[in-house]
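Protein chains: 2
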Amino acid sequence: MVDRKQCEELDRNDPLGRFRERFLLPEGVLYLDGNSLGALPKAVPERLREVVEREWGWGLIRSWNSAHWIDLPRRVGDKIAPLIGAHPGEVVAADSTSVNLFKLLCAALEIVPGRRVILSEAGNFPTDLYVAEGVRDLLRQGHELRLVEAEGLLDAIDETVAVLMLTQVDFRTGYRHDMAALTAAAHRKGALTLWDLSHSAGAMPVDLDGSGADLAVGCGYKYLNGGPGAPAYLYVRRALQDRVRPPLSGWMGHREPFAFTAGYAPAKGIARNLCGTPPVLAMAALDAALDLWAEVDMAALRAKSVVLAELFIATVEECCAGLGITLASPREAEQRGSQVSFRHAQGYAVMQALIAAGVIGDFRAPDLIRFGFTPLYLRHIEVFDAALAVAEILREERWNRAEYLRRAVVT
Amino acid sequence: MVDRKQCEELDRNDPLGRFRERFLLPEGVLYLDGNSLGALPKAVPERLREVVEREWGWGLIRSWNSAHWIDLPRRVGDKIAPLIGAHPGEVVAADSTSVNLFKLLCAALEIVPGRRVILSEAGNFPTDLYVAEGVRDLLRQGHELRLVEAEGLLDAIDETVAVLMLTQVDFRTGYRHDMAALTAAAHRKGALTLWDLSHSAGAMPVDLDGSGADLAVGCGYKYLNGGPGAPAYLYVRRALQDRVRPPLSGWMGHREPFAFTAGYAPAKGIARNLCGTPPVLAMAALDAALDLWAEVDMAALRAKSVVLAELFIATVEECCAGLGITLASPREAEQRGSQVSFRHAQGYAVMQALIAAGVIGDFRAPDLIRFGFTPLYLRHIEVFDAALAVAEILREERWNRAEYLRRAVVT
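Note that the protein sequences, when read in sequence, are chains G and U. Note that numbering that gives the first Met the number 0 has the first sequence beginning at 0, numbered continuously upward. Note that numbering that gives the first Met the number 0 has the second sequence beginning at 0, numbered continuously upward.
If you're looking for bench data, these hints aren't it; they were derived computationally from the structure. Because the structure is a prediction, the values reported are computed rather than measured. Beta carbons: idealized from backbone N, C-alpha and C, even for Gly. Just to be clear, a hint being listed does not mean it is correct.
[Claimed, not checked] Below, in silico cross-link-like pairs of lysine to any residue (SDA-like), each with a Cα-Cα straight-line distance of 20 Å or less:
1. U:K41 to G:K41
2. G:K41 to U:R53
3. G:K41 to U:W57
[To be verified] Interface residues of chain U toward chain G, partial, derived using beta-carbon atoms under 10 Å:
4. A38
5. H86
6. G88
7. S95
8. F124
9. L138
10. G141
11. G228
12. F257
13. F259
14. V305
15. V306
[What the hints assert, rightly or not] Covered stretches of chain U, going by a simulated chain G footprint (3 or more residues, C-beta under 8 Å):
16. 219-227
17. 260-274
18. 355-363
Could you build the full structure based on these sequences and the hints that come with them?
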């Protein structure tokens, strides 16, 4: 088992260590929930102040041009592109992940005509499946949402499948799909792939282009640190872009939004996937949060993510033997994203006790305590201390209090 | 014609005069474009700072509960409700106007089965018509988007119409529809009504309930002063709420968003119309901007709006006789919203010259110069001075310069 001294040594030699000071993190908190809401980059408050007071307050309507608000969705998209293996002009920031999924799912079903199956996995993030149900029920064209377990996916891809819709990294266990293999299998059968990158982008290198992926969506508020409910993004492989017919055909996706002409005519390229007026304040926060990525070595990011997770697993398992906790995440780093989950019969109360002790992770029903490792701002020593806190709470049964056992509405 | 002294007198006796100091407006600018982007309420920068630094930065994920982020869409909706004649629980803030229009249009077509016509007017705001086209093309169920001129609407409502979709106040001319009469006519034929309130809410009393209107959407960034691209809102009459099947069936509209259960089950009431994670920063800005409405007398608001518009029309017409400018808005106040447009063959260049002179309105193709009157923060003297500036620019032909005649991409 690693000790504190070794963790301090790891922190001293951390090539990403300098990014910690680019974030505002509260004293006395070990924050292992950047996979739910990323921490606040210091660049954001200043940028927002400028956008609000100078651009909105002083510039008013003129700022759509003079402050280039109108370009924000594409500019932000182009900043996200290198994080997910996309080219400039293949990504645009817009709406929420759910809305973007709706857009691309509708588009995919039109691009692959004559097929009726949306294939996904039963454990996919619920909103992704809810959205797919909504598309199926809205279209009334006999579409089927076919759900299988992760291990059955490769076998389930057949000639009836229009689109394989998956989240790259599982929100419960952190299990990571092999994007290249699944995409290749889908292509062999003539199906498209649509990936939700919400739990992977910003925590590891993602290679949409190298994997041949067709479509993707992702959220801005987790590892991208864009703020609560930050705008989401979507990706369409260049070759498919002009085959997308936007179901949400609003003016910002029009060829000439400000000509106010009759008749919808989609813009060329990725911009047609925009719909309404972009939320400038939220988009500016995400834009500012993304700037530091230009300095990040993605291989180093992934290496640190693996070290943090292994350190956490090893320490928890070493210190919690016989305390009713079992690893729910894959043991192989290659099969994991940047989060680790353990099962405990009183998982909810355990997490409440951890949060009360200043260790913030989260709980996912029925019994998962979940810890996310954001390599940009987490220190090795923090992960080590968090693991010790888990052990202490379990050993002392500190979760066994009425106020921890009673569930809140939102967890 | 009114003179400066009378305007100063009107300002001294203005019952809404005290609201001016609740806004940050730049020196040296006469801002007649609050119908495109409302001015910055002073409460917003402070509130945003708190949300960003304390709630996000310090509270992190905990703020979904402790800072009540999760309630924002409904809380903001309930603040908008009294401005549009709605009851608590009938309005929710979400997404963009275009996206909300898509949701309610799809819902309306399901609530009125067997009918295929979406009736609207040819001059409706383009994105509204683009969205309707998108719905029609997506559903492939033989729907028709039937467009008529405003004066032909009453005659065009027949038993084939599923939904009458209109913007209450025309974005070009400021012409205001008779919401009650049109809704009654639609109901007589068994059709629903869906109103876009973007150019009316916050500039005059709107009475959805009293008019019997069924569905409505509106934007947060015009007369509600919520900031550029602020979240939009939607209204569903109480009696219809549980008949809406949300086409954008994301997790925030689920009965139990955080139970992460399989299978979409819509929330009861208005909340089912939510989709993805709400944009907290943008929503908080709108929330803060809405607070002052609790103090506003809506009858006084409308009265001042009418005085401002009449003052502007009278002064422009008096001072610009023979200078090629004609009123494009209805002369009757009862038929107008809170904006006034004039036609001029060189409208684009005229508006550029006005903006250069510090009078901000906007231009709408092909020849309209448009001026919005926000009663909350505009002074009578400003409207008078703006009218004199129009006259000066026309008299001296100051629009006739290369830099004004050359069109920018965004206007």
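Here is how each hint holds up against the structure:
no.	hint	in the structure
1	U:K41 to G:K41	violated (23 Å)
2	G:K41 to U:R53	holds (13 Å)
3	G:K41 to U:W57	holds (12 Å)
4	A38	holds (7 Å)
5	H86	violated (24 Å)
6	G88	violated (18 Å)
7	S95	holds (2 Å)
8	F124	holds (8 Å)
9	L138	holds (7 Å)
10	G141	violated (12 Å)
11	G228	holds (4 Å)
12	F257	holds (5 Å)
13	F259	holds (5 Å)
14	V305	violated (24 Å)
15	V306	violated (23 Å)
16	219-227	holds (count 3)
17	260-274	holds (count 5)
18	355-363	holds (count 3)
Consistency note: the structure conflicts with the earlier hints numbered 1, 5, 6, 10, 14 and 15.
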